Amino acid sequence: MDGFIVRAGFLKGVPFFVSGSGPVRFIGAEPKVLTPHDGGVLAAEITKDGNSLITSGDDGKIMQSDLDGNMVRLAERPRKWIDVLACGPSGAVAFASGRAAWVRLADGTEKEFQHERAVGGLAFAPKGLRLAVARYDGATLWWVNTSGKPVELGWKGAHLDIAFSPEGKYLVTTMQENALHGWRLADSQDMRMTGYPAKVKSWSWSVKGRHLATAGASAAIVWPFTGKTGPMGQTPLQLGVRGDSLVTCVACHPKEEVVAIGYADGMIMMVRFQDNAEVLLKRPGAGPISTLAWDTAGMRIAFGSEEAEAGVIDLQG
Amino acid sequence: MTATETTDRAQIPVTVLTGYLGAGKTTLLNRILTENHGQRYAVIVNEFGEVGIDNDLLVESDEEIFEMNNGCICCTVRGDLIRTVQNLMKRRGAFDAIVVETTGVADPAPVAQTFFMDDDVRKAAKLDAVVTVVDARHVLQRLEDTAEAEDQIAFADVVLLNKTDLVGVEELTAVEARIRSINPYAVLHRTERCAIDLKAVLDRGAFDLDRILSLDPHFLEHGHHAHECSPDCDHDHHGHGHHHSHDGHAHDAPHSVKSISLTAGELDPQMFFPWINQVTQVQGPNILRLKGILAFKDDPQRYVIQGVHMIVEGDHQRDWKTGEERVSRLVFIGRDLNWDVLKQSFAACAAG
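Protein sequence lines, in the order shown, are assigned to chains D and C. Going by the working numbering, 231 is the number at position 231 of the first sequence; the sequence numbering is gapless. Heads up, the working numbering is the position in the second sequence plus 1000, with the first residue counted as 1.
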């Protein structure tokens, strides 16, 4: 492969790899290479229906690509670098640049959401067409189709990535500081998750949303989100502890309480929550692991690194 | 960060262009991009000016100041820059160096601090030089009106005194004296339409640090300078004389930027590090920049240190050469600093 692997995963069971330098590769029976952008790719997300891949690039375009090689331009913001993307229900796609966020609905209409400070990340709520925007000093929740006042959640500092817990009870952000912040949406109760030696740049919800696994430390830090109070007052699990390399990427198994952990030296391990049992999946290699994803059956892992290393690990193999 | 964490790819050098609107930043940028030097640049601009910039990798970035949550008002970084550098790293093979053009009124501190404070940016990129373009005709007025103009000069590693064809010899002399009074350590070049050998602007790195060592300390006593070029001064003189008069400009005003050079022999690291931490913690808001090359007792390597406000960063640079005098020199550029106290307390860090 070439360049920084921005995203690896599976589309209808076919492994795909998105390079920052531009190419999107589908490694099926007949491998295909698409170049949806005039330049680099900054972000990639799978649509909710699992049928296509949305990419955004430094050409300002939002593109939809599929396994047949079709490429459709969904939106364009000339001269902007679009590095924030989220896929929502009913074919909605959200993207952002600077202080503005947009939602493009399946019928092609676009809605714009302006903020006073830069948008860090976007996430759709699991139910209803609701968009959460991570921003400076907090998060904003918009109903996409109704023009009411948004819900503002405040917490000082720059919030970057954002995610709802799968059942929609919690909203969590990564921060410019080495910390996560969260809100219990029922009462806007704040939650702070701190103690990381580095920024948290990868996270993944475990099966049924019971835990949130995170990168940014010398182990995968796995916060429990069970019970009424979520992670508050709880000690997280520390899985796959290593003394000599930081965790850069995590992906929870779709069915079991198991997490795949990628490290800064290129190593990948698989660790079980219950007993911390570790299985080495890949030895250290070229560059920090930048992307990890399971297939829906939980039998294969696609991975990529910042230094062009990429592949598929088959657990049956 | 751990030792095995990266595969140690070289950090991408970053050149920061500052200067007031109309000083000639875009002209310089276009020179950098069009000259045939074999380097490919990624360019980060705050706004597309009316003058077009033709480059493959051009990023428009809205200035976003992030205050870090540690309660320190001067620990600000440019959030948009962090993000842009991270995005650029996804296209690592497409460029060799980065140029950041700031808006005319920008405080250069957050830009510089970004390259020290953010771990991801630090890993990927290093600040090579701050280049400040100054309009010879308007700079004295700007300095009267704004603090930013003074800060931009104080932060500079290289100053391009531009549009020299639009002012007389006497005025030029006064302007140059004023710039030198703010920042005697910057390399100053006189230019017309930013015409300059780009080697003087790009890939400066260690050269500028070494230059500090070779500056004559007497040249810098208490901000009152003889306005003579040091032996090492590498700007084009165009045959002009060196009889710069002291014109009594605003640089003796109470809050104007001044600089000090401290020298000592070998230092005791047990004394020096607590001292520099203390100085930057207490006086950080008033320190615009600090740089130094230090000789620690029993250490075979030169230690290079630099800082912005409260942030200090240091690293071993290279072995001291045989016959090279093991001298420590530290330079501060700032406002309202107590030079006498700094001098005495630095002297107390000397190895016994």
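Don't take each hint at face value.
[Unchecked claim] Label-pair ranges, simulated between beta-carbon atoms:
no., chain 1, residue 1, chain 2, residue 2, range
1, D, Ala29, C, Asp1119, 41 to 49 Å
2, D, Asp275, C, Glu1324, 55 to 63 Å
3, D, Gln234, C, Glu1325, 58 to 66 Å
4, D, Glu152, C, Glu1324, 37 to 45 Å
5, D, Gln234, C, Asp1315, 35 to 43 Å
6, C, Gly1038, D, Pro150, 45 to 53 Å
7, C, Gly1093, D, Arg73, 46 to 54 Å
8, C, Asp1119, D, Val207, 37 to 45 Å
9, D, Gly148, C, Asp1315, 49 to 57 Å
10, D, Thr229, C, Arg1326, 55 to 63 Å
11, D, Ser90, C, Gly1022, 22 to 30 Å
12, C, Asp1054, D, Glu152, 53 to 61 Å
These are computed hints drawn from the structure, not numbers from a lab. All of these numbers come straight from a predicted model, not from anything done at the bench. Glycine included, each C-beta is placed from N, C-alpha and C at the ideal position.
Taking the hints in turn, this is what the structure says about them:
1. At about 42 Å, the beta-carbon gap between D:Ala29 and C:Asp1119 stays in the expected band of 41 to 49 Å.
2. In this structure, D:Asp275 and C:Glu1324 meet the distance hint of 55 to 63 Å, their C-beta atoms being roughly 59 Å apart.
3. Between D:Gln234 and C:Glu1325 the Cβ separation comes to about 59 Å, which falls inside the hinted range of 58 to 66 Å.
4. Taking 37 to 45 Å as the suggested C-beta distance range, the pair D:Glu152 and C:Glu1324 does not conform, at roughly 60 Å.
5. For D:Gln234 paired with C:Asp1315, a C-beta distance near 40 Å keeps the hint of 35 to 43 Å intact.
6. In this structure the hint that C:Gly1038 and D:Pro150 lie 45 to 53 Å apart at CB holds, the actual value being about 50 Å.
7. Restraint check, C:Gly1093 to D:Arg73: a C-beta distance of roughly 26 Å breaks the suggested window 46 to 54 Å.
8. Judged by the Cβ atoms, the range 37 to 45 Å given for C:Asp1119 and D:Val207 is violated: they are separated by roughly 32 Å.
9. At roughly 54 Å, the beta-carbon separation of D:Gly148 and C:Asp1315 lies within the given 49 to 57 Å, and the hint holds.
10. Checked against the hint of 55 to 63 Å, the pair D:Thr229 and C:Arg1326 passes, with Cβ atoms roughly 60 Å apart.
11. Our hint of 22 to 30 Å for D:Ser90 and C:Gly1022 is violated, since their Cβ atoms are close to 51 Å apart.
12. A hinted range of 53 to 61 Å for the beta carbons of C:Asp1054 and D:Glu152 is inconsistent with their spacing of about 42 Å.
Hints 4, 7, 8, 11, 12 from the earlier list are contradicted by this structure; the remaining hints agree with it.
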